[in-house]
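Between the sequences and the hints, there should be enough to build the whole structure, so can you do that?
Residues per chain, in single letters:
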Amino acid sequence: MRLSDFVCLEALIPDLKAGDRDGVILELIQALVKAGKLTRTKAEEVAKAVIHREKEASTGIGKGVAVPHVKHSAAKQVVAAVGCCGRGIDFSSLDKQPVYSVILLLSPADKADKHLQAMECIFRNLQKDDFRRFLRQAQTVAQVRETIEDADASNS
Amino acid sequence: MPRTVDAGRIGKNRGEKANNGKDGSTLSGPVYEIEVRIRNVEGLHMRPAMQFVDTASRFHSKIEVTNDETSVDAKSIMQMTMLAATCGTKLRIKAAGDDAEEAIHALRRLVEVEMFGETPAPRGDATESG
Numbered sequence: 001m002r003l004s005d006f007v008c009l010e011a012l013i014p015d016l017k018a019g020d021r022d023g024v025i026l027e028l029i030q031a032l033v034k035a036g037k038l039t040r041t042k043a044e045e046v047a048k049a050v051i052h053r054e055k056e057a058s059t060g061i062g063k064g065v066a067v068p069h070v071k072h073s074a075a076k077q078v079v080a081a082v083g084c085c086g087r088g089i090d091f092s093s094l095d096k097q098p099v100y101s102v103i104l105l106l107s108p109a110d111k112a113d114k115h116l117q118a119m120e121c122i123f124r125n126l127q128k129d130d131f132r133r134f135l136r137q138a139q140t141v142a143q144v145r146e147t148i149e150d151a152d153a154s155n156s
Numbered sequence: 001m002p003r004t005v006d007a008g009r010i011g012k013n014r015g016e017k018a019n020n021g022k023d024g025s026t027l028s029g030p031v032y033e034i035e036v037r038i039r040n041v042e043g044l045h046m047r048p049a050m051q052f053v054d055t056a057s058r059f060h061s062k063i064e065v066t067n068d069e070t071s072v073d074a075k076s077i078m079q080m081t082m083l084a085a086t087c088g089t090k091l092r093i094k095a096a097g098d099d100a101e102e103a104i105h106a107l108r109r110l111v112e113v114e115m116f117g118e119t120p121a122p123r124g125d126a127t128e129s130g
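Residue numbers (this note's numbering), protein chains in the order written: chain R, 1 to 156; chain G, 1 to 130.
In case anyone wonders, no lab produced these hints; they're calculated from the structure.
Certain hints may be false.
As the list claims (entries may be wrong) - Far from chain G by the CB rule (all over 10 Å, computed), these chain R residues:
# : residue
1 : K42
2 : A57
3 : S73
4 : L126
What the hints assert, rightly or not - In silico lysine-lysine, DSSO-like type, Cα no more than 30 Å apart, as pairs:
#  : chain 1 : residue 1 : chain 2 : residue 2
5  : G       : K75       : G       : K90
6  : G       : K75       : R       : K114
7  : G       : K75       : R       : K55
8  : R       : K76       : R       : K96
9  : R       : K55       : R       : K128
10 : R       : K17       : R       : K48
11 : G       : K90       : R       : K96
12 : R       : K34       : R       : K55
13 : R       : K128      : R       : K42
14 : R       : K76       : R       : K17
15 : R       : K76       : R       : K34
16 : R       : K63       : G       : K75
17 : R       : K111      : G       : K90
18 : G       : K90       : R       : K71
19 : R       : K128      : G       : K90
20 : R       : K96       : R       : K48
21 : R       : K128      : G       : K75
22 : R       : K34       : G       : K90
23 : G       : K75       : R       : K71
24 : R       : K17       : G       : K75
25 : R       : K63       : R       : K111
Glycine residues also receive a C-beta, built at the ideal position from the N, C-alpha and C atoms.
As structure tokens, this is what we get:
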């Protein structure tokens with residue numbers, strides 16, 4: 001699976017406005033609503049589910065990245081939004097460091113395998129120093145998109 | 001990659017010393033290994049992967065987990081999530097160090113007995129996918 005198979009290119013936010021974890025999650029979910037990937041009426045419920053999941057165990061796995069996610073019936077397909085925040089956000093990360101790049105992933109409740117494949121793809125890329133650096137440095141939607149497309153190109 | 005003997009089938013609570021240095025493993029010294037199968041229906045998603053890393057990290061031994069394609073550090077959450085092991089997937093756990101044997105049994109228990117505290121696959125539904 002490639003990033004562009006599930007990352008919604010209409011839901012890339014190079015300059016997240018929110019200053020805290022829950023705000024960032026809401027902002028990314030709103031972006032998916034705007035892009036038509038999620039119905040407006042379900043947005044709050046999905047956000048709550050993502051935040052609930054995040055409270056169980058932080059998805060801030062260190063190195064400045066977090067991957068909040070949830071499997072939810074409101075998701076019609078595996079879809080992700082990507083946000084960057086130069087100031088850094090407290091995600092209660094494992095390494096206690098701020099998070100600069102957030103990939104929010106929603107998967108249908110009955111697609112465990114697709115969800116795992118998307119996570120594999122995300123983490124395969126997040127393992128790479130260059131990918132994390134370019135994502136963190138991206139300041140425009142075009143730069144975020146380019147980072148994603150370049151990552152896919154280098155993996156193919 | 002050469003296939004080694006099936007050391008740790010469900011129910012056989014033992015590990016075997018395996019040949020090392022023949023399969024791209026970075027482990028040195030005597031290597032204990034065991035094969036496990038993911039049995040919870042949601043597979044090795046992030047939360048089980050974290051439990052796995054937590055358990056692995058209790059041991060001094062160097063521990064690797066291998067599927068057919070890749071071998072990863074059992075103590076790295078990022079690498080463990082990359083395995084994307086679905087329900088039914090077989091994984092090999094390899095450990096080297098003074099508590100290696102103990103480590104592979106603790107990990108096997110987490111995966112196959114405790115199943116990460118999650119829902120097991122319905123009987124007969126844990127199809128092979130690895």
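For each hint, the structure was consulted:
Consistency note on K42 of chain R: stated as away from chain G, and its beta-carbon is indeed over 10 Å from all of that chain's, at 21 Å minimum. At roughly 6 Å, the least C-beta separation between A57 of chain R and chain G is not larger than 10 Å, which violates its mark as non-interface. With a least beta-carbon separation of about 15 Å from chain G, S73 of chain R lies farther than 10 Å from that chain, consistent with its non-interface assignment. The claim that L126 of chain R lies off the interface is violated: its Cβ sits roughly 6 Å from the closest Cβ of chain G, which falls inside the 10 Å cut-off.
The straight-line distance between the Cα atoms of K75 of chain G and K90 of chain G is roughly 19 Å, inside the 30 Å bound, and the hint therefore holds. Between K75 of chain G and K114 of chain R, the direct Cα distance comes to roughly 24 Å. Compliance with the 30 Å bound is thereby established for this hinted pair. With a C-alpha separation of about 22 Å, the suggested pairing of K75 of chain G with K55 of chain R holds against the 30 Å cut-off. With a C-alpha separation of about 34 Å, the suggested pairing of K76 of chain R with K96 of chain R is violated against the 30 Å cut-off.
At roughly 27 Å between alpha-carbon atoms, K55 of chain R and K128 of chain R fall within 30 Å of each other, so this suggested pair holds. The suggested pairing of K17 of chain R with K48 of chain R holds, with an alpha-carbon distance near 19 Å, which does not exceed 30 Å. Between K90 of chain G and K96 of chain R, the direct Cα distance comes to roughly 33 Å. Violation of the 30 Å bound is thereby established for this hinted pair. With a C-alpha separation of about 26 Å, the suggested pair K34 of chain R and K55 of chain R falls inside the 30 Å cut-off, and the hint holds.
A C-alpha spacing of about 34 Å is found between K128 of chain R and K42 of chain R, which places the hinted pair above 30 Å, so the restraint is violated. Proximity of K76 of chain R to K17 of chain R is assessed by CA-CA distance (about 27 Å); at most 30 Å being required, the pair is judged to hold. Proposed proximity of K76 of chain R and K34 of chain R is supported: the alpha carbons are some 15 Å apart, at most 30 Å. Restraint check for K63 of chain R and K75 of chain G: the C-alpha separation of about 15 Å stays at or below 30 Å, so the hint holds.
Taking the CA atoms of K111 of chain R and K90 of chain G, the gap is near 20 Å; set against the 30 Å cutoff, the hint holds. Under the criterion of a C-alpha separation no larger than 30 Å, the hint pairing K90 of chain G with K71 of chain R is consistent with the structure, at around 24 Å. Annotation: proposed proximity of K128 of chain R to K90 of chain G holds, straight-line Cα distance about 26 Å (limit 30 Å). At roughly 23 Å between alpha-carbon atoms, K96 of chain R and K48 of chain R fall within 30 Å of each other, so this suggested pair holds.
About 17 Å separates the Cα atoms of K128 of chain R and K75 of chain G, which keeps this hinted pair within 30 Å; it holds. Of the pairs offered as hints, the one joining K34 of chain R and K90 of chain G is violated, with about 40 Å between alpha carbons and a cut-off of 30 Å exceeded. In summary, the hint linking K75 of chain G to K71 of chain R is supported, as the alpha carbons are separated by about 25 Å, within the 30 Å threshold. About 34 Å separates the Cα atoms of K17 of chain R and K75 of chain G, which puts this hinted pair outside 30 Å; it is violated.
At most 30 Å may separate the alpha-carbon atoms for a hinted pair to count; K63 of chain R and K111 of chain R meet this at roughly 28 Å.
Going through the hint list in order, the structure does not satisfy hints 2, 4, 8, 11, 13, 22 and 24.
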